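Q: First to last, the sequence lines map onto chains P and D. Heads up: the first sequence is residues 18 to 377, going by our numbering. Heads up: the second sequence is residues -6 to 69, going by our numbering.
Just so you know, the hints here were simulated from the structure itself, not pulled from any lab data. The structure displayed is predicted, hence computed values, not measured ones. Just so it is clear, CB atoms sit at the ideal spot from N, CA and C, and this is done for glycine as well. You may find that some hints are simply not true.
Below 25 Å or equal to it, Euclidean Cα-Cα: the simulated PhoX-like pairs (lysine-lysine) are [claimed, not checked]:
#, chain 1, residue 1, chain 2, residue 2
1, P, K241, P, K87
2, D, K66, P, K254
3, P, K101, D, K(-2)
4, P, K242, D, K66
5, P, K114, P, K197
Listing some non-contacts, in silico: residues in chain P with all C-beta distances to chain D over 12 Å [as the list claims (entries may be wrong)]:
#, residue
6, D70
7, F100
8, D118
9, A120
10, A122
11, A123
12, S126
13, V130
14, G138
15, Q167
16, D183
17, D196
18, F198
19, L243
20, L339
21, V355
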Amino acid sequence: MTALLDLPPYDVDAAHKTPLLQAALGELTQHHYQQCQAFKQLINGQWPQFNADNAPSIGDLPFVNVRLFKELRLQSIGDDEVFKVLQSSGTTGKPSKIMLDSAAAALQSRTLVKIMQHWLGKQRLPMLILDHPSVIKDRRNFSARGAGIQGLSFLGRNHCYALKDDMSLDIEAISEFCDKFADTPVLLFGFTFMVWQFVVQQLAHQQQRFQLPQGILIHSGGWKKLADQAVDNFNFKQGVLTTLGVSRVHNFYGMVEQVGAIFVECEHGHLHCPSYADILIRRPGSWQLADKGEIGVLQLLSALPRSYPGHSILAEDRGRWLGDDDCPCGRMGRYFEVLGRLPKAEVRGCSDTFGQGGNL
Amino acid sequence: MIDNKLKTIFATALGIDEAAISDELTYGSIPEWDSTAHMMLVAEIESQYDIMLDTDDIIDMSSPAKAQTIIAKYQD
């Protein structure tokens, strides 16, 4: 377990990773079964034959529907040990609540930093945040967006916000940042939709262009709103290059329910599993494992969650497993793509598999 | 134990009394030392000692004593 978490993020091939991850996830399943009553009831109801002692393969591990984190407070720690509560953005209905103790919070930041060091280096780079400053003003009560920005700002220095509080561009601040750091590597971070709508589109509209040739843009947060505007990853990157002069762009996929072990997009547009996490694809309805190349529902596995039962989660996103250890970028591990949210009917289908879980 | 200069930096960044800074103090052990305060602390240390901390340092800097060790590393 500790050994797995100490490994570098993209150097471990399947032959070495699978036994370590399988052992870590089996142990976590047992841990949560003992520490979280709701998880125990779910396993007893849905996976009555499951026995963690039989060294189950990763595909045989029980999984928790991500919706359950909205409906129940799932935790494997005492109330007095809760150090930080993370909340999903919750655009529809109740937000998820994720309970971290101080060990979980520390492990999560450490892992996030280890993954990002691979892409950015260890030095903290001057950082242009593609959002407005009040998103982190209330430090006791961050929104999901605020928490994301706060978490990533650890990786930067000389933080500068590109937007004013009314969401208009702070041209003066951006100009000053670009003048000062045009010749050095810089980090840009924002949420995909915010970057597109409030930075790229506004700059294009005002016919303003900046040049950050050594910039690296990291962005996350989902493509749904952009898909509605028929903007794909290619258009997005073109827009960023034209308006900000940044050619290195990395999307990452991750959710608040499994924070820390994120899936970062490589130079070939593939999302990569770090050593500490993996994905499986399941066929909606039968929930059997899908083959490589087949579109299905994403199941996310992570060796990190110990304070809440989030080590094996069925997401509400569709995806496709593209390969293992053989991406042209040279990184080891599984790589995949995310193909948007599940249609509502299929989401209901997912919930149905948790009929007994719903009785908790 | 940590020197007075670092003690003052901690007190300022965390907004607490210098008397409250002990060897037992760790990141997250008091509400004042949260992630926002941690970034202020990092900025203050960097400017007062004229050093540049990397991401490993920020993660490792979980107590005043650790901070002192990390600063010393840059002052050789």
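Q: If a hint holds in the structure, say so; if it does not, say that too.
A: Against the structure, the hints come out as follows:
no.: 1; hint: K241/P x K87/P; verdict: holds, 20 Å
no.: 2; hint: K66/D x K254/P; verdict: violated, 40 Å
no.: 3; hint: K101/P x K(-2)/D; verdict: violated, 31 Å
no.: 4; hint: K242/P x K66/D; verdict: violated, 47 Å
no.: 5; hint: K114/P x K197/P; verdict: violated, 40 Å
no.: 6; hint: D70; verdict: holds, 35 Å
no.: 7; hint: F100; verdict: violated, 6 Å
no.: 8; hint: D118; verdict: violated, 10 Å
no.: 9; hint: A120; verdict: violated, 10 Å
no.: 10; hint: A122; verdict: violated, 7 Å
no.: 11; hint: A123; verdict: violated, 8 Å
no.: 12; hint: S126; verdict: violated, 6 Å
no.: 13; hint: V130; verdict: violated, 5 Å
no.: 14; hint: G138; verdict: violated, 9 Å
no.: 15; hint: Q167; verdict: violated, 6 Å
no.: 16; hint: D183; verdict: holds, 23 Å
no.: 17; hint: D196; verdict: holds, 21 Å
no.: 18; hint: F198; verdict: holds, 14 Å
no.: 19; hint: L243; verdict: holds, 29 Å
no.: 20; hint: L339; verdict: holds, 30 Å
no.: 21; hint: V355; verdict: holds, 27 Å
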